[in-house]
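From the two separate chains plus the hints, produce the assembled complex.
In order, the protein sequence lines correspond to chains A and B.
Residue numbering for the first sequence follows our numbering, starting at 1 and increasing by one per position.
Residue numbering for the second sequence follows our numbering, starting at 1 and increasing by one per position.
To be clear, the hints were calculated from the coordinates, so they are not data collected in a lab.
There's no promise every hint is true.
[Said to hold, decoys possible] So, partial list: chain B residues that the calculated Cβ filter (under 7 angstroms) puts toward chain A:
id	residue
1	Phe103
2	Lys105
3	Gly106
For every residue, glycine included, the Cβ atom is placed at its ideal position computed from N, Cα and C.
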Amino acid sequence: SAVISQKPSRDICQRGTSLTIQCQVDSQVTMMFWYRQQPGQSLTLIATANQGSEATYESGFVIDKFPISRPNLTFSTLTVSNMSPEDSSIYLCSVWTDLYEQYFGPGTRLTVT
Amino acid sequence: GQQVMQIPQYQHVQEGEDFTTYCNSSTTLSNIQWYKQRPGGHPVFLIQLVKSGEVKKQKRLTFQFGEAKKNSSLHITATQTTDVGTYFCAGKQSGAGSYQLTFGKGTKLSVIP
Numbered sequence: 001s002a003v004i005s006q007k008p009s010r011d012i013c014q015r016g017t018s019l020t021i022q023c024q025v026d027s028q029v030t031m032m033f034w035y036r037q038q039p040g041q042s043l044t045l046i047a048t049a050n051q052g053s054e055a056t057y058e059s060g061f062v063i064d065k066f067p068i069s070r071p072n073l074t075f076s077t078l079t080v081s082n083m084s085p086e087d088s089s090i091y092l093c094s095v096w097t098d099l100y101e102q103y104f105g106p107g108t109r110l111t112v113t
Numbered sequence: 001g002q003q004v005m006q007i008p009q010y011q012h013v014q015e016g017e018d019f020t021t022y023c024n025s026s027t028t029l030s031n032i033q034w035y036k037q038r039p040g041g042h043p044v045f046l047i048q049l050v051k052s053g054e055v056k057k058q059k060r061l062t063f064q065f066g067e068a069k070k071n072s073s074l075h076i077t078a079t080q081t082t083d084v085g086t087y088f089c090a091g092k093q094s095g096a097g098s099y100q101l102t103f104g105k106g107t108k109l110s111v112i113p
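The shape of chain B in the complex, shown without the other chains (with noise of 0.2 angstroms):
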């Protein structure tokens, strides 16, 4: 089956400095999503990579989907405390009428201030 590994497990960041979690999948995705899990709260949805070498920005997070459309990215700019959280990469097989998402490990960030 689909699996999607997500590295690193754990980041621990100084403020300001930056911060990637990479996810690869062992399959062709027809999309990836990424999430944010605040500790003790839900995950809640970032953004949706479609394009083969996408690239989308929100404010200082910059998220990539690669040119085989089996890899991402999710880059953090000058992390902030507000940025702790574990971030989740979840991927949707390519097939016709498939809508289950295969969800990596995620990456748990620290930021120390």
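Chain A extracted, bound-state conformation (with noise of 0.2 angstroms):
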């Protein structure tokens, strides 16, 4: 297993302004990966992060929007850009293990005002 944090854990923001959000993991993973959920709604993915290479976005996301960083085995940001209300959501990162089992992190609370 992995145990993951985030920070921060909630925030409420302005429009036009950014969010840096950061997950730790205390394993070094190959593949983090970053989610959206709205609350009641299922997940969906906004980018893989490979240590070493580009993120890679699925259709609907852009860097520009959702510019991440993977510095390190055992670290990542996910910033949300120029945010608008429509960006209030959960952002969750997440970890494969070897076993290809998939962990996540609690969460950050973003409502954005």
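Rendered as structure tokens:
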């Protein structure tokens, strides 16, 4: 298994500003992912973040809006840029273990006013 | 693209009754994973099924993967109030190098004591 922490756990931000979410894992992992979950909804993959390479974004998500860093095998950040109320959501990072089991962080609850 | 349909969307059961949620994929899956998300929590990995026709049990939970690897089910025997939450299936599409999981919309289980 993997233990994942995220910062901040929640934030309220103003329209037009940016927020950087941090994800820390207690072990080295190759694959890290960023998801978005609207309250009461399913999970949508934003991007895959691999150390040493550019993040791979899913359809509907672009690097200018959601830049991702992956400086090492235990850490990643996701920035939500130029926020609008539509960006209000829960953002979760996740990792795959060597057994291809996926573990999620506790999430960051973002509210944009 | 790949779609994973999950039914029912909601299920209310009396404590002690059984519960089943079903997932169907539009494409053949290499594996399927199941997650439980408690209210206010993050998705927690339950199990991964890989083989055609595979059946796995975890105490009162029984997981099945269809012979065609396109459908799966989670069955809970004699539900308890601790089973409350949303259960998600997530399928990994067949294909080398693909780590993307497609999540179903989830089944929200309520247990009436």
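Hints, one by one, checked against the model:
| no. | hint | in the structure |
| --- | --- | --- |
| 1 | Phe103 | holds (5 angstroms) |
| 2 | Lys105 | holds (5 angstroms) |
| 3 | Gly106 | holds (6 angstroms) |
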